[in-house]
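Chains as they are written, first to last, in the numbering used here: chain A, 398 to 509; chain B, 825 to 939.
Since the hints were made in silico from the structure, they are not lab data. We put the beta carbon where it would ideally sit given N, CA and C, even for glycine. Take the hints with a grain of salt, since some may be wrong.
Unchecked claim - Simulated restraints, written as ranges between beta carbons of each label pair:
| no. | chain 1 | residue 1 | chain 2 | residue 2 | range |
| --- | --- | --- | --- | --- | --- |
| 1 | A | 457 | B | 871 | 33 to 39 Å |
| 2 | B | 835 | A | 476 | 37 to 43 Å |
| 3 | A | 449 | B | 893 | 25 to 31 Å |
| 4 | B | 885 | A | 479 | 27 to 33 Å |
| 5 | A | 453 | B | 936 | 14 to 20 Å |
| 6 | A | 458 | B | 908 | 28 to 34 Å |
| 7 | A | 414 | B | 825 | 31 to 37 Å |
| 8 | B | 829 | A | 414 | 42 to 48 Å |
| 9 | B | 902 | A | 457 | 33 to 39 Å |
What the hints assert, rightly or not - Derived contacts from chain A toward chain B, CB cut-off under 10 Å, selection only:
| no. | residue |
| --- | --- |
| 10 | 400 |
| 11 | 430 |
| 12 | 439 |
| 13 | 485 |
| 14 | 492 |
| 15 | 494 |
| 16 | 502 |
What the hints assert, rightly or not - Take a look, some chain A residues computed to stay more than 10 Å from chain B by CB distance:
| no. | residue |
| --- | --- |
| 17 | 423 |
| 18 | 425 |
| 19 | 426 |
| 20 | 432 |
| 21 | 438 |
| 22 | 464 |
| 23 | 482 |
| 24 | 483 |
| 25 | 487 |
| 26 | 505 |
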Amino acid sequence: ETGVTQSPTHLIKTRGQQVTLRCSSQSGHNTVSWYQQALGQGPQFIFQYYREEENGRGNFPPRFSGLQFPNYSSELNVNALELDDSALYLCASSPRRADTQYFGPGTRLTVL
Amino acid sequence: AQTVTQSQPEMSVQEAETVTLSCTYDTSESDYYLFWYKQPPSRQMILVIRQEAYKQQNATENRFSVNFQKAAKSFSLKISDSQLGDAAMYFCAYRSADNNNDMRFGAGTRLTVKP
């Protein structure tokens, strides 16, 4: 069984640019959640997708947006990048909305 | 809003010894879930153990066990027979049973295992 995968592993962007991060959920999982983990902190919830619809959102501005595809993979898009967006972005999938979340290895985003 | 507090930024344990990591949380809800995740230098968050609030029995997974005190809103993790591979950041997390998408994490405890 393949676990949660994320791409790319690392990414460097400049302020004002746009970025797309990708996540493939674990086989059989229909729910994907995205988290931002700043250096030295715990992850913070960005949003969740369930069956291609947004199913809850944390305290992040609209320039953070997402998609979920019919195969339940997901994208996180961030527009107008700011220096504070530099962080590890984690994707987690779960078999159902109300179930334990399993994490991918993360994408390290650096904004210069 | 629910908050999770881990008061120990760093902990150290001798190999083969036992260590306990602390976690407290604040909530007005009666039904929720609590988790401990491990994050080694590879960055991937790995589920260690899960506890349902409605269960009085403490969860156990091999060398890992929890002490869940619902009234005190405390959820500590005990690691027995510590191994070098246990060295990592440990995060305590809370998830409401009603709002089942938003998982709240503590700031983490860095565990060092000395040979």
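Now for the hints, and whether the structure bears them out:
1. A:457 / B:871: 33 to 39 Å: This hint is violated: roughly 24 Å between Cβ atoms.
2. B:835 / A:476: 37 to 43 Å: holds (40 Å)
3. A:449 / B:893: 25 to 31 Å: violated (40 Å)
4. B:885 / A:479: 27 to 33 Å: violated (40 Å)
5. A:453 / B:936: 14 to 20 Å: violated (36 Å)
6. A:458 / B:908: 28 to 34 Å: At 42 Å between Cβs, range violated.
7. A:414 / B:825: 31 to 37 Å: holds (32 Å)
8. B:829 / A:414: 42 to 48 Å: The hinted range 42 to 48 Å is violated for residue 829 of chain B and residue 414 of chain A, with Cβ atoms some 36 Å apart.
9. B:902 / A:457: 33 to 39 Å: With Cβ atoms ~35 Å apart, the hint holds.
10. 400: holds (9 Å)
11. 430: Residue 430 of chain A check passes; min Cβ-Cβ to chain B is 6 Å, inside 10 Å.
12. 439: Because about 3 Å separates residue 439 of chain A from the closest Cβ in chain B, which is inside the 10 Å limit, the hint holds.
13. 485: It holds, given that the least Cβ distance between residue 485 of chain A and chain B is near 6 Å, below 10 Å.
14. 492: Residue 492 of chain A check fails; min Cβ-Cβ to chain B is 12 Å, beyond 10 Å.
15. 494: holds (5 Å)
16. 502: holds (4 Å)
17. 423: Label holds. Min Cβ-Cβ 12 Å, cutoff 10 Å.
18. 425: Fine: 16 Å to the nearest Cβ keeps residue 425 of chain A off the interface.
19. 426: Check passes; 14 Å lies beyond 10 Å.
20. 432: violated (8 Å)
21. 438: Answer for residue 438 of chain A: violated, closest chain B Cβ roughly 6 Å.
22. 464: holds (16 Å)
23. 482: holds (17 Å)
24. 483: Given that every Cβ of chain B is farther than 10 Å from that of residue 483 of chain A, nearest at about 15 Å, it holds.
25. 487: Its Cβ does come within 10 Å of chain B, the nearest being 6 Å, so this is violated.
26. 505: violated (8 Å)
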